[in-house]
Amino acid sequence: MRQINLRQMKKNQGGVIVSVKAEGAMGRRLRDMGLVPGKQVKIQGRAPLYDPVSLRIMGFTLTLRNNEADHILVEVDA
Amino acid sequence: MSTAIALAGNPNSGKTTLFNTLTGARQHVGNYPGVTVEKKQGSWVTGSGSFEVVDLPGTYSLTAYSLEEVVARDFLVNEKPAVIVNIVDASNLERNLYLSLQFMEMGMPVCIALNMIDVAKKRGIEVDGEQLSDLLGVPVVPTIARTGKGKEQLLETVVAQAGDRADFIPLKISYGRDIDAALDDMVPIIEDAAFLTQTYPARWVALKYLENDSQIVEMGALADKDVASRLAAMAKKVAAHVAATMDSHPEGVIADQRYGFINAVLKQNVIGYTHDQNRLRQSDKIDKVLTHRLAGPVIMIGVLLALYQFTFTYSTLPVEWVEDIFGWLGGMADAALPDGHLKSLIISGIIDGVGGVMGFVPLIMFMFLGISFVEDSGYLARMAFMLDRVFRMFGLHGSSVMAFIVSGGIAGGCAVPGVMAARTLKSPKERLATLLTVPFMNCGAKLPVYALLVAAFFAENQAQVMLMLTLVSWIGALLVAKLLRSTVIRGESTPFVMELPPYRVPTLKGLVIHTWERTWQYMKKAGTVILGISILLWAMMTFPGLDQARLAQFDARRAAVTQDLGPAVVAELENSGETALSSSAMAARQALVAIDGQAAQAGLKQSIAGRIGMALEGVSQLAGFDWRTNIALVGGFAAKEVVVSTLGTAYSLGEVDPEENNSLAQQLQSEPGWGPVTALSLMVFTIFYAPCFVTVVCIARETGSWKWAAFSVGFNTALAFGLSVLVYQIGALIL
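Top to bottom, those sequences are chains A and B. Here the first sequence stands for residues 1 to 78, where the numbers follow our numbering. Here the second sequence stands for residues 1001 to 1735, where the numbers follow our numbering.
It is possible that part of the hints are untrue.
With a straight-line Cα cutoff of 30 Å, these simulated DSS-like cross-link-like pairs (lysine-lysine) come out [claimed, not checked]:
1. B:K1172 to A:K39
2. A:K10 to B:K1285
3. A:K21 to B:K1429
4. A:K11 to B:K1121
5. A:K21 to B:K1172
6. B:K1288 to A:K11
7. B:K1267 to A:K21
8. A:K39 to B:K1122
9. A:K21 to B:K1237
Computed far set for chain A versus chain B, every beta-carbon distance over 10 Å [unchecked claim]:
10. N5
11. I43
12. E68
13. E75
I should point out that these hints are in silico values taken from the structure, not numbers from a laboratory. Don't be surprised by glycine CBs; every beta carbon is placed ideally from N, CA and C.
Kindly generate the complete structure, drawing on both the sequences and the hints.
Okay, here's the thing in structure tokens:
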């Protein structure tokens, strides 16, 4: 199983969150929106300028910037 | 007495729709004490009694992440509503329950309205409300806010629940061994010292210390320094332990466990899927086009243009009606009142002033209708998504787009709510940069100024000029933001993390209420501030007036005209009425009219406003502004729409023949010194110069400092003048 940064994930690629390293306000916001270990995510697409990225988690669509995605480690589906 | 209930829930959960369904038109908008977060209140009158419903700001959580969350939390603990109706989106249950859980941890009397069960069903999600209710120990009522389905059952539940508030005990969930042990140690300390327990449950206070919640920690330090420092030390110890053993921190562990708890509940036959959740939804298909790399931005520009067309095309007729009504009122007053200061006050001060503002109400209504549609449909969030990369380049935030758009990024907003919308921004620096640059947007009050100048000088290319003005204001605002963010407000950027809600067809009721609220806000401002300013300006333009000697001079000139006329002609002038005049009487009348015009002109120049305008003329000529424009611009500091009414007053005071109902636009066309270049220069100045004083007051309040408010006045005006001079001088060279 391969673990990569959320930023490196490709469109339509899925995986399970392994860890969220952010602390403080950003960490809180990420967790409030459901980005916690064990959650399934799938990349929906990217904004016209490739940033932010939009992803599907718990059945809704969430967007975050690439530099925020950097804090999230995902075990990608084979 | 009516029972107080609160509506709480995630953004996009249908909370406002439910609020509208319950309260109908019986609602009003105010502010929470001390802050400018909007507080919507309404009455829900039913057969079983009446309720005072408060629509809390939509939040995802109850941490102190944003001001909305703090406001919602404070309201719940301080006002203690009898029931909290927690609207939960059934098609998005897991994330929505995260907030519900936090209400329950606080021991709040929660009743869950399981909303949008129809949407969930369409997506193949079946939620067992009874099972959910049994597992959570709170009532769950399935609803469809859009149609009002479930309203009666919700009422019954709320009535029943309002009766026995005392039964609610805080939900106790396990946050794992380390946290639970720490909580068990902390709770007795908190209980023994009665530390904040007047307001909050003991375990919840302990939990907030572990989460390092800034608001509670601050309150604790004030309440009891000794206990506070003991708790803080314990929390620190747990944090160190969690970091060493789990490579995490208590906040993270607590959130994980909350989601774990929700997951465990949902797995007990609460939720069932009838078809594959990975298949593409309607919203995803739409997004494939609307947020497409190439098509997305093109469509976005198209949407903006369509908004302009919609607003300008459909509002033309009602704008004319309103103008006709005020024109008629002016005519009535003119016929009914004797000449003098009172007549002048009523016509030039009141009717012209209010009419100039009200004439644009239809325009603003159509504009808001368009914006509400874009907002409620979910497209606005996509705009923020597509534009974030751009905004970030200028040191702003994707969420800044909301503040910019509310302020008039799509022309027709208002910088006052725009400045307030900036509080969704967490980072003080991005927020400050947004606050200081949103007044550059083309707010609804600047539109009348543009509309006037466009009608006078660019009638052929209305839509193009308006689009150009929007682009200029955006580019200017972004460049200034960048400038500020790299000089006076340097610093790092903050999280973007935002939901893209599913596309929805907005409800007509929601659109109408939304539009009406915003239009009403504009009209209230027009009716009070503008009327007051209009009268003040009238006084400034009327007094001190000409001295006796000058008045005598004009009287002597009038007498000179009539002196040589025979008695027949004088009689003819006096009872002229509708009958045709002889040629000598006509010549005399024209001479008299010219003298009256010169007298009025002299009087205005002599007035306080005239003196200010004249004093500035030497400098302002560089940008092509004469003293009349200067007066209007000074008035515009009170509110931008005053620029139009003041120009109207300034010119109509010099205008004597009341039958000659030239509109201001025609008047300007025929004025020497006015032309397309002057108009452009004035439009540029209007975009950038000092925000109206209401906005300035808001900026002071939002930034907590008059220094920034003063900065926005001084800096913006200097910038505007520089740009206008540039436009005027270059324009004069080319043309």
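Original post:
Taken at face value, is the distance from the CA of K1429 (chain B) to the CA of K21 (chain A) at most 30 Å?
Top reply: Holds. K21 (chain A) to K1429 (chain B) sits at ~24 Å (cutoff 30 Å).
**OP:** Starting from K39 (chain A), check that the Cα of K1122 (chain B) is at most 30 Å away, please.
**Re:** Distance ~24 Å between K39 (chain A) and K1122 (chain B) Cα, so the pair holds.
Original post:
Between K21 (chain A) and K1237 (chain B), does the CA-CA distance stay at or below 30 Å?
Top reply: holds (20 Å)
**OP:** Verify the proposed pairing of K1288 (chain B) with K11 (chain A), using a straight-line Cα cut of 30 Å.
**Re:** holds (12 Å)
Subject >> Exclusion check [I43 (chain A) not at the chain B interface, CB over 10 Å] >> reply: holds (12 Å)
Subject >> Assertion that E68 (chain A) lies farther than 10 Å from chain B (Cβ) >> reply: violated (6 Å)
Subject >> 30 Å limit on alpha-carbon distance, applied to hinted pair K1172 (chain B) and K39 (chain A) >> reply: Satisfied, since the Cα-Cα distance of roughly 23 Å is no more than 30 Å.
Original post:
Is the Cα-Cα distance between K1267 (chain B) and K21 (chain A) 30 Å or less?
Top reply: holds (28 Å)
Original post:
In terms of Cβ atoms, is chain B entirely out of 10 Å range of E75 (chain A)?
Top reply: holds (16 Å)
Original post:
Has the given pair, K11 (chain A) with K1121 (chain B), been kept, meaning a C-alpha gap of at most 30 Å?
Top reply: holds (28 Å)
Original post:
Is the hinted pair K21 (chain A) and K1172 (chain B) satisfied, with a Cα-Cα distance of at most 30 Å?
Top reply: holds (27 Å)
Original post:
For N5 (chain A), is the shortest beta carbon distance to chain B beyond 10 Å?
Top reply: Its Cβ never comes within 10 Å of chain B, the nearest being 16 Å, so this holds.
In this structure, only the earlier hint numbered 12 is contradicted, and the remaining ones agree with it.
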